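Using the sequences provided together with the hints, build the complete structure.
Chains as they are written, first to last, in this note's numbering: chain W, 1 to 470; chain C, 1 to 218; chain E, 1 to 268.
It is worth saying that the hints were derived from the structure and are not from the lab.
Keep in mind the model is a prediction, meaning the values are calculated, not measured.
A couple of the hints might just be wrong.
Using 27 angstroms as the maximum straight-line C-alpha spacing, the simulated DSS-like pairs for lysine-lysine come out as follows [claimed, not checked]:
#: 1; chain 1: W; residue 1: 180; chain 2: W; residue 2: 23
#: 2; chain 1: W; residue 1: 431; chain 2: W; residue 2: 416
#: 3; chain 1: E; residue 1: 193; chain 2: W; residue 2: 9
#: 4; chain 1: E; residue 1: 45; chain 2: W; residue 2: 465
#: 5; chain 1: E; residue 1: 37; chain 2: W; residue 2: 456
#: 6; chain 1: W; residue 1: 378; chain 2: W; residue 2: 431
#: 7; chain 1: E; residue 1: 37; chain 2: W; residue 2: 378
#: 8; chain 1: E; residue 1: 159; chain 2: W; residue 2: 378
#: 9; chain 1: W; residue 1: 23; chain 2: E; residue 2: 193
#: 10; chain 1: W; residue 1: 390; chain 2: E; residue 2: 193
#: 11; chain 1: E; residue 1: 173; chain 2: E; residue 2: 117
#: 12; chain 1: W; residue 1: 386; chain 2: E; residue 2: 37
#: 13; chain 1: W; residue 1: 416; chain 2: W; residue 2: 437
#: 14; chain 1: W; residue 1: 416; chain 2: E; residue 2: 37
#: 15; chain 1: W; residue 1: 29; chain 2: W; residue 2: 180
#: 16; chain 1: E; residue 1: 193; chain 2: W; residue 2: 386
#: 17; chain 1: W; residue 1: 9; chain 2: W; residue 2: 23
#: 18; chain 1: E; residue 1: 193; chain 2: W; residue 2: 29
#: 19; chain 1: E; residue 1: 159; chain 2: W; residue 2: 29
#: 20; chain 1: C; residue 1: 3; chain 2: W; residue 2: 97
#: 21; chain 1: E; residue 1: 37; chain 2: E; residue 2: 159
#: 22; chain 1: W; residue 1: 431; chain 2: W; residue 2: 456
#: 23; chain 1: W; residue 1: 432; chain 2: W; residue 2: 416
#: 24; chain 1: W; residue 1: 378; chain 2: E; residue 2: 193
#: 25; chain 1: E; residue 1: 173; chain 2: E; residue 2: 193
#: 26; chain 1: E; residue 1: 45; chain 2: W; residue 2: 456
#: 27; chain 1: W; residue 1: 35; chain 2: E; residue 2: 159
#: 28; chain 1: E; residue 1: 193; chain 2: W; residue 2: 437
#: 29; chain 1: W; residue 1: 465; chain 2: E; residue 2: 12
#: 30; chain 1: E; residue 1: 159; chain 2: W; residue 2: 465
#: 31; chain 1: W; residue 1: 29; chain 2: W; residue 2: 378
#: 32; chain 1: E; residue 1: 159; chain 2: E; residue 2: 173
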Amino acid sequence: MQIRTPEFKESARIALHDVGLQKALGNVKNGFPGKRAAAMARLPEFDALRDQARDVKNHVIAHLDLYLEQFEAKVLENGGHVHWCRTSEDARQTILKICREQNARTVTKGKSMVTEEINLNEFLEQNGIQPIETDLGEYIIQLRGEHPSHIIAPAIHLNLEDVADTFHAHHHTPRSVDPKVLMQEARERLREKFAAADVGITGANFLVAETGSSIIVTNEGNGDLTQILPNTHIVVTSIEKVVPTLEDMTLFLRLLARSATGQECSVYNTLSTGGRRPGDQDGPENFHVVLVDNGRSDMVGNDFQDMLRCIRCAACMNHCPVYGAVGGHSYGWVYPGPMGSVLTPQMIGIEQGALLPNASTFCGKCESVCPVHIPLPKLMRHWREKEFEKHLTPRTARWGLGGWAFMARRPALYRKFSALSNAALRLMAGKKGYIRKIPMVGAWTDWRDMPAPSGKTFMQQWQEKQRSGH
Amino acid sequence: MSKAEILGNIRRGLGGKITDEARATVKNRIQAHAPNLIPARGQLPAAERLALFINMARESAAELIELNDLADLPAALDQHMQSLGITELIMAQDKCLTSLDWSPLQNKQTTQRVSQVGDLASLTTAFLGIAETGTLMLYSRAESPTTLNFLPDTHYVVLRREDIVGVYEDAWNQLREETGGQMPRTVNLITGPSRSADIEQTLQMGAHGPRQLVIYLI
Amino acid sequence: MNETIINQTTAKAPVVGLFVTCLADLYRPEIAFATVKLLELAGCKVEVPEQQTCCGQPAFNSGDRQTTADIARQTIEAFDGFEYIVAPSGSCIGMLHHYPELFERNDPWFERAMSLKSRAFEITQFLVDVIDFTAIESRFSGHVTYHDSCAGLRELGVKQQPRTLLQQLPGVKLTELVDSEVCCGFGGTFCVKYPDISNRMVSDKSTNIANTGADTLLGGDLGCLLNMAGKLKREGIRVDVRHVVELLADMTSQPPLASSSYDLATKV
Ligand code: SF4
Numbered sequence: 001m002q003i004r005t006p007e008f009k010e011s012a013r014i015a016l017h018d019v020g021l022q023k024a025l026g027n028v029k030n031g032f033p034g035k036r037a038a039a040m041a042r043l044p045e046f047d048a049l050r051d052q053a054r055d056v057k058n059h060v061i062a063h064l065d066l067y068l069e070q071f072e073a074k075v076l077e078n079g080g081h082v083h084w085c086r087t088s089e090d091a092r093q094t095i096l097k098i099c100r101e102q103n104a105r106t107v108t109k110g111k112s113m114v115t116e117e118i119n120l121n122e123f124l125e126q127n128g129i130q131p132i133e134t135d136l137g138e139y140i141i142q143l144r145g146e147h148p149s150h151i152i153a154p155a156i157h158l159n160l161e162d163v164a165d166t167f168h169a170h171h172h173t174p175r176s177v178d179p180k181v182l183m184q185e186a187r188e189r190l191r192e193k194f195a196a197a198d199v200g201i202t203g204a205n206f207l208v209a210e211t212g213s214s215i216i217v218t219n220e221g222n223g224d225l226t227q228i229l230p231n232t233h234i235v236v237t238s239i240e241k242v243v244p245t246l247e248d249m250t251l252f253l254r255l256l257a258r259s260a261t262g263q264e265c266s267v268y269n270t271l272s273t274g275g276r277r278p279g280d281q282d283g284p285e286n287f288h289v290v291l292v293d294n295g296r297s298d299m300v301g302n303d304f305q306d307m308l309r310c311i312r313c314a315a316c317m318n319h320c321p322v323y324g325a326v327g328g329h330s331y332g333w334v335y336p337g338p339m340g341s342v343l344t345p346q347m348i349g350i351e352q353g354a355l356l357p358n359a360s361t362f363c364g365k366c367e368s369v370c371p372v373h374i375p376l377p378k379l380m381r382h383w384r385e386k387e388f389e390k391h392l393t394p395r396t397a398r399w400g401l402g403g404w405a406f407m408a409r410r411p412a413l414y415r416k417f418s419a420l421s422n423a424a425l426r427l428m429a430g431k432k433g434y435i436r437k438i439p440m441v442g443a444w445t446d447w448r449d450m451p452a453p454s455g456k457t458f459m460q461q462w463q464e465k466q467r468s469g470h
Numbered sequence: 001m002s003k004a005e006i007l008g009n010i011r012r013g014l015g016g017k018i019t020d021e022a023r024a025t026v027k028n029r030i031q032a033h034a035p036n037l038i039p040a041r042g043q044l045p046a047a048e049r050l051a052l053f054i055n056m057a058r059e060s061a062a063e064l065i066e067l068n069d070l071a072d073l074p075a076a077l078d079q080h081m082q083s084l085g086i087t088e089l090i091m092a093q094d095k096c097l098t099s100l101d102w103s104p105l106q107n108k109q110t111t112q113r114v115s116q117v118g119d120l121a122s123l124t125t126a127f128l129g130i131a132e133t134g135t136l137m138l139y140s141r142a143e144s145p146t147t148l149n150f151l152p153d154t155h156y157v158v159l160r161r162e163d164i165v166g167v168y169e170d171a172w173n174q175l176r177e178e179t180g181g182q183m184p185r186t187v188n189l190i191t192g193p194s195r196s197a198d199i200e201q202t203l204q205m206g207a208h209g210p211r212q213l214v215i216y217l218i
Numbered sequence: 001m002n003e004t005i006i007n008q009t010t011a012k013a014p015v016v017g018l019f020v021t022c023l024a025d026l027y028r029p030e031i032a033f034a035t036v037k038l039l040e041l042a043g044c045k046v047e048v049p050e051q052q053t054c055c056g057q058p059a060f061n062s063g064d065r066q067t068t069a070d071i072a073r074q075t076i077e078a079f080d081g082f083e084y085i086v087a088p089s090g091s092c093i094g095m096l097h098h099y100p101e102l103f104e105r106n107d108p109w110f111e112r113a114m115s116l117k118s119r120a121f122e123i124t125q126f127l128v129d130v131i132d133f134t135a136i137e138s139r140f141s142g143h144v145t146y147h148d149s150c151a152g153l154r155e156l157g158v159k160q161q162p163r164t165l166l167q168q169l170p171g172v173k174l175t176e177l178v179d180s181e182v183c184c185g186f187g188g189t190f191c192v193k194y195p196d197i198s199n200r201m202v203s204d205k206s207t208n209i210a211n212t213g214a215d216t217l218l219g220g221d222l223g224c225l226l227n228m229a230g231k232l233k234r235e236g237i238r239v240d241v242r243h244v245v246e247l248l249a250d251m252t253s254q255p256p257l258a259s260s261s262y263d264l265a266t267k268v
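Right, here's the structure in full:
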């Protein structure tokens, strides 16, 4: 996927004026947060579970090497294969090799953000293998040649009309705006694909070290059809997804659906462990787990380690006013929203990713809803520190900050400057009490007025009062 | 090699060597597979547990039909299939199902095989019901092919009342016991019929899996 | 008056260092004066340390830890010896609470930062939670709504405190703002770095404010209030904007934000 993160500001500006997108984004704001809140209210232990989930993840990260080894041993014991991939390229090549061994021509895919991260679809196509997205949202955007704009609701940027047009164009069916009809069309078309695919690729929500199982959490059932019908099932996942036991997985399942869609529980939670067993009449013969690192192991022990706790529930973006304003595509790479603003610079580099961790008011809403208590604002701030250390901060901002910092460390000078600014602002406002336009601060006054100071600075007035003996 | 590199990198991040203590911690945690906090909701006496299961399953849009005896199943199925105009039932091969008298199925046939595209209805047993969320637990084995759980439009499931546990933790323990600690290829936790909200966030039932989930509670 | 009683009360009176905050200092001294008044009514002795400037948040949020740490040390020293540090801003007090993150644990400044943190409170939080003072009196009467500024709300847990205090005022009718906990889009330098996004957020906010039908918007953070007042003004929505302490301290003779006495005259 082409990295367009450096264009964030321009993309955001366009997104803000995109009427259709803005309507679609209303579905995020008006849907997910309320559902999550209702689900939370039904489970009194929700917050206690969050604390525990954070602690379990921290424990896992502190022993990540050992849990991964244990997971691998269990997969092998159950007749599966594990492939360790340091980079996206390693992962792509590994997957291609497995597909080639199967002489695969088509591959069905369950929803997987890691495969987006490693740009798998494009790569398979270039190598003559057709990837078919089967999650309804993913299917829609694949037809449109787009990428997901949300990690659990990939087509959230589209309206019904868009889907109607897309299906009409690709299915050559009469245009319908009945979601039922549209879904039926997709269902029918994909049935044949499921059955004909040579390889099925899914992601994983968690990997269980105890049993060597991977689990997918879905509502549609496409992930299941993807993995049980072809002869080969490849789980493409990442190293931080491992949890110790089924009981630990349960802890996260209790949080995941509620945080994500506000469901009590997703419809299909499916554990896969190895390939077909003796006597089994269906299911894949071959079971592969592709463990992608792609920068994650670098996060162990660094400032961003907390991010490895992320369970990809999307609560942070569902509640983010910035995401809600500009949508996922503006972020210019795979992961949008607050979690994307932390992960993206790690994966594409701060040089290209710096606009994202800056695009936050630090309102803290994301952290307050994160089921594993990831301090997202703090991590975004860490990226700003890296940016500052590397002298990547834009020059005007740096100079402004430098000048201000010089004074902030010199109280007497600071007072003088405040008094001067105060007087200047009052002068500009005249009698009005506000200012319509201030040169150099257009970013403010283009959109809003600047209230004028109501009088001299507090410090001036206070000192005058003290002198006059109150 | 990638594996060594990845693990090496993690170890570097964790500040050095693997200790025996760390190994023991990991081993013990896995062996103990101790429960975490279990919500009070599912920890109930049998009668209330059953009521909770029924409520939660219905909330998930499963259809729930109570029968007194497994022997009543064929007649009940006949009625249900009749109402949907279904004439063929693809069946799992559990003894308890195959040994039933299927003659009440009028002008309909039962077939024992894996499911294929186009099948309209399947019948399986559930290993357990989990009251906490109204969830069915099924697992793959020779008699119970997984395709039956996903391909047909209507999935009929037989669940015995005494197989309803309160919470997931109980389910895992029973599964471990049942399978001798060897995880089956597939374990399915199913809560209601298939659905999607991918078109404009409006929920539609019947995305790729069964459009209907009918639970016969015996 | 009996002298010994005076001595006793003064001896007991908590000594509070007022953290003025740069925005209140520059834009709206009344907020700081109102804070002083409330603290004194609550029986505190208030001082304004000379060595304070800004809390350092602009540097902190720009990734300049060095400067932030310098400012933190300066602020810690300025407020050394005060029993409490109180400011009319959740955001600035929230910043003071971040100070320990700036120092290594074995650095003596870490302990001092922890100490400052334990003594630093936002004004309404201080009045309600710390010294349990709710005997507010104010002649203000009107229909108000309240915006919960992010830092106060989520970093300090300021939510009920201003409402508890407002409830003491018989003339105040409060209508809750839809999405009162959603950010107004100010975000310090955010509003100038990402003006379009910030504008969207504050536009949504002003729509919600207008929909309450209230004639006064209150809040606890001047940065957000400047942002919202500026937007309301630009959009021609006639809602007065004030810091909540202005009402609580019965100091509303000054025209609201972004207005002048001239405005008031035409309004009447
Ligand atoms: S950062 Fe937290 S809220 Fe966001 S996706 Fe990850 S787990 Fe969910």
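These are the hints, each one checked on the structure:
For a cut-off of 27 angstroms, the pair hint linking residue 180 (chain W) to residue 23 (chain W) stands: about 21 angstroms separates their Cα positions. Restraint check for residue 431 (chain W) and residue 416 (chain W): satisfied, since their Cα atoms lie roughly 23 angstroms apart, inside the 27 angstroms limit. A distance of roughly 9 angstroms separates the Cα atoms of residue 193 (chain E) and residue 9 (chain W); the hinted pair therefore holds under the 27 angstroms criterion. With a C-alpha separation of about 16 angstroms, the suggested pairing of residue 45 (chain E) with residue 465 (chain W) holds against the 27 angstroms cut-off.
For the hint linking residue 37 (chain E) to residue 456 (chain W), the alpha-carbon distance of about 19 angstroms falls within 27 angstroms, and the restraint holds. About 42 angstroms separates the Cα atoms of residue 378 (chain W) and residue 431 (chain W), which puts this hinted pair outside 27 angstroms; it is violated. A distance of roughly 35 angstroms separates the Cα atoms of residue 37 (chain E) and residue 378 (chain W); the hinted pair therefore is violated under the 27 angstroms criterion. With a C-alpha separation of about 22 angstroms, the suggested pair residue 159 (chain E) and residue 378 (chain W) falls inside the 27 angstroms cut-off, and the hint holds.
Among the hinted pairs, residue 23 (chain W) with residue 193 (chain E) is consistent with the structure: their alpha-carbon atoms are about 25 angstroms apart, no more than 27 angstroms. For the proposed pair residue 390 (chain W) and residue 193 (chain E), the alpha carbon gap of about 19 angstroms is at most 27 angstroms, so the pair holds. Distance hint between residue 173 (chain E) and residue 117 (chain E) is unfulfilled; the C-alpha atoms sit about 34 angstroms from each other, more than 27 angstroms. A hinted pair counts as satisfied when its Cα atoms are at most 27 angstroms apart, and residue 386 (chain W) with residue 37 (chain E) does not qualify at roughly 43 angstroms.
Between residue 416 (chain W) and residue 437 (chain W) the alpha-carbon distance is near 24 angstroms, which keeps this suggested pair within the 27 angstroms criterion. Between residue 416 (chain W) and residue 37 (chain E) the alpha-carbon distance is near 25 angstroms, which keeps this suggested pair within the 27 angstroms criterion. The straight-line distance between the Cα atoms of residue 29 (chain W) and residue 180 (chain W) is roughly 23 angstroms, inside the 27 angstroms bound, and the hint therefore holds. About 18 angstroms separates the Cα atoms of residue 193 (chain E) and residue 386 (chain W), which keeps this hinted pair within 27 angstroms; it holds.
At most 27 angstroms may separate the alpha-carbon atoms for a hinted pair to count; residue 9 (chain W) and residue 23 (chain W) meet this at roughly 20 angstroms. At most 27 angstroms may separate the alpha-carbon atoms for a hinted pair to count; residue 193 (chain E) and residue 29 (chain W) meet this at roughly 24 angstroms. Taking the CA atoms of residue 159 (chain E) and residue 29 (chain W), the gap is about 22 angstroms. The hint holds against a cut of 27 angstroms. For the proposed pair residue 3 (chain C) and residue 97 (chain W), the alpha carbon gap of about 18 angstroms is at most 27 angstroms, so the pair holds.
A threshold of 27 angstroms between alpha carbons decides the hint, and for residue 37 (chain E) with residue 159 (chain E) the separation of about 22 angstroms falls inside it, so the pair holds. With a C-alpha separation of about 15 angstroms, the suggested pairing of residue 431 (chain W) with residue 456 (chain W) holds against the 27 angstroms cut-off. As the CA atoms of residue 432 (chain W) and residue 416 (chain W) are separated by approximately 24 angstroms, the hinted pair is consistent with the 27 angstroms bound. Between residue 378 (chain W) and residue 193 (chain E), the direct Cα distance comes to roughly 19 angstroms. Compliance with the 27 angstroms bound is thereby established for this hinted pair.
At most 27 angstroms may separate the alpha-carbon atoms for a hinted pair to count; residue 173 (chain E) and residue 193 (chain E) exceed this at roughly 37 angstroms. Of the supplied pair hints, the one linking residue 45 (chain E) and residue 456 (chain W) holds, its CA atoms being roughly 24 angstroms apart against a limit of 27 angstroms. As the CA atoms of residue 35 (chain W) and residue 159 (chain E) are separated by approximately 22 angstroms, the hinted pair is consistent with the 27 angstroms bound. As the CA atoms of residue 193 (chain E) and residue 437 (chain W) are separated by approximately 17 angstroms, the hinted pair is consistent with the 27 angstroms bound.
For the hint linking residue 465 (chain W) to residue 12 (chain E), the alpha-carbon distance of about 25 angstroms falls within 27 angstroms, and the restraint holds. At most 27 angstroms may separate the alpha-carbon atoms for a hinted pair to count; residue 159 (chain E) and residue 465 (chain W) exceed this at roughly 34 angstroms. This hinted pair checks out: residue 29 (chain W) and residue 378 (chain W) have alpha carbons roughly 24 angstroms apart, not beyond 27 angstroms. Annotation: proposed proximity of residue 159 (chain E) to residue 173 (chain E) holds, straight-line Cα distance about 17 angstroms (limit 27 angstroms).
Checked against the numbered hints given earlier, the structure breaks hints 6, 7, 11, 12, 25, 30 and satisfies all the rest.
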